[in-house]
Amino acid sequence: MTTAIKVENISKRYKIGTAPGKFKYGMLRDQIMAIPDALFNRNKAAEENYIWALKDVSFDLEEGQVLGIIGRNGAGKSTLLKVLSRVTEPTTGIVTVRGRVGSLLEVGTGFHPELTGRENIYLNGAILGMKRGEIEKKFDEIVDFSEVEQFIDTPVKRYSSGMYLRLAFAVAAHLEPEILVVDEVLAVGDAEFQRKCLGKMNDVAAQGRTVLFVSHNMSAILRLTQEAIVMQKGRLVMRGSTTDAVDHYLASGQSQAGERFWDPQEIPINAEPFTPLSLRLTDMKGSVAENVRSVEPLTLEMRYRLSAPITGLRVGFYLSTIRGEYVFTSFDVDEPEEFEKLSVRQAGSYVSKCVIPGDLLNEGRYLIGVNASSFGVKRYFMDENALSFSVDPSAAPGMQWAEQRQGPLRPRLKWTIERE
Amino acid sequence: MVYIKPTTGFAALNLRDFWNYRELILFMIWRDIKVRYKQTLLGALWAVIQPVMTMLVFNFLFNNVAKVSSDGIPYPIFSFTALLPWGLFTTALNQASRSLTSNRNMITKTYFPRLVLPIASVLGGLVDFLIALVILFGMMFYFDMTPTISAIWAVPLFVLLAIVTALGVALWLSAINVKYRDVGYALPFLTQFWLFITPVAYSSSVISDEWQLVYSLNPMAGVVNGFRWALLGAGNPPDVNVAISAGIAIIILLSGLVYFRNMERTFADTI
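So the sequences go chain by chain: A and B. As numbered in my numbering, residues 1 to 420 make up the first sequence, in order. As numbered in my numbering, residues 1001 to 1271 make up the second sequence, in order.
Be careful, since some hints might not be right.
Capping the alpha-carbon separation at 25 Å, the derived lysine-lysine pairs in BS3-like fashion look like this [claimed, not checked]:
hint : chain 1 : residue 1 : chain 2 : residue 2
1    : A       : 233       : A       : 6
2    : A       : 233       : A       : 55
3    : A       : 6         : B       : 1005
4    : A       : 353       : A       : 378
5    : B       : 1005      : A       : 55
6    : B       : 1034      : A       : 131
7    : B       : 1179      : A       : 15
FYI, nobody ran anything at the bench for these hints, they're computed from the structure.
Start from the sequences, fold in the hints, and give me the full structure.
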């Protein structure tokens, strides 16, 4: 076996502004004003204005291996992929790559709304590094995969968002480099198309190509990779079988079981004016819990701060199983009257709280995701794996039989049995 | 084998990597051309309307009102011959200076030699130029002007000089624009100022001899004079002043290349 990628002590440092958000672009004026500062106390500013997005990351990848990369927002996954695909240079360290790297950090890069589907296939192919002949050879296959054949000569601005994504992914999926670097691109499109994309990724892996794959979708990671690395605050904290890595990832990051706090560097700058503070899961007695009973109600509390009023804000939860299947989604202003009343949420600190009734969830491990958005306007903050917890089935319906009940729900239903 | 590591010291020009991506340049030029006049009523006519309208305004202001000398050549064709390379230069400069920021997504999401973007933008401007050139030939026929035989080599050469100048300046500006969006505000002002110091509306013969040398430091002065000489037989044949113009253009281009290549490594982080 030969090594396809050898990563040695890669670090990447980013500069962060002293007043984040205030000066988005470095203005010449700021630079000039900073000159006297730099001359007189040059050491002071140096360290604190930088963050290490990657710190001393090293690993090897054999040819034909498929490696998953998991970690929370801001853990350095995307930066790592950017370094590997040569979008940005590392600050220190060296990566040795054998073979052509194709990177899918986004689908549809360079797509132009005015150009037709056909034209965009060629353009996007060229941007992804395909040769013209290569695109021509695969053209029919790409169109076929995208299912937009009848609109292939229509400008893509007339496409529905689903069609757009299908076409974009189709081009990307037919890239055939020796090494493929994929970031979260599967998190788009409808369920059926996602399945198709996963199938295609499976094929790619089966052809013996080297793949690096980042996703928040644990079921996709579990399905596509045997081995994974876990990133945390820019460091590689573990490498192991995917199941171990997923376990490690879900257990980490919670300063206390059943409770989650967000570090400032985990919060993207564009979350402004929304600042997530904490998420807590409490049981019936009101104590923070990581293991809850299926028969008891649980309370979810999301604390956050708004530094400015937001119109149409809704804060809510996703509940999903550890395999990545959604169980439900719920927002704090789902009731129309509530939404009317809170059409503008003023600046200040808030707690959005809800109770998940008892006798609902089946035995197993679940994930809670957080979403704060104004519908159709902006998604301020999202963390799909904010908290995980286990449900204990004792005293749940049907416990007299020692069997695994199918499905994520275990409701206590009113049965009547009548003899006719 | 590809080694990914921090660049230390001066970045090499690495033109081989650039050559590997030549197809992408063609695709980007093709995209720019395809998209340029989409959803416009008049389409590619704009390539003609812009210089023709400017020529009419110039004709009224400088010929009818101010009575500027045009070296005995009918003023409309005198100014139109200059407006062509000038239009090429400003379009190329404007598009190329914004080429990095307007393709932000490509830069943050894919790898390719970033030089592709300004170069494709500059070359994309040639199409408008060629369309307007047809109008010029029509006007020359109307005014009964015959180009000198030297036009065959001189016109392409001066077009090249205009492009080299535009690219050189645009390499500087596009790289600065990644970090400082001030470029967007300075650019209209810069092109306007540059128009004043280029003999587009007037003849360079109004510049006194002792200033000619300073004047030729502006490569576009050389381009415009060259065009008038080759196509209309006006003024002097290319002399040492053109060599100075060309020299300046090459210095701007080379320094622009070096600056661009050295800033390139931070584009994805700062854009």
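Structure-based check of each hint:
no.	hint	in the structure
1	233/A x 6/A	holds (21 Å)
2	233/A x 55/A	holds (8 Å)
3	6/A x 1005/B	holds (12 Å)
4	353/A x 378/A	holds (22 Å)
5	1005/B x 55/A	holds (14 Å)
6	1034/B x 131/A	holds (20 Å)
7	1179/B x 15/A	holds (13 Å)
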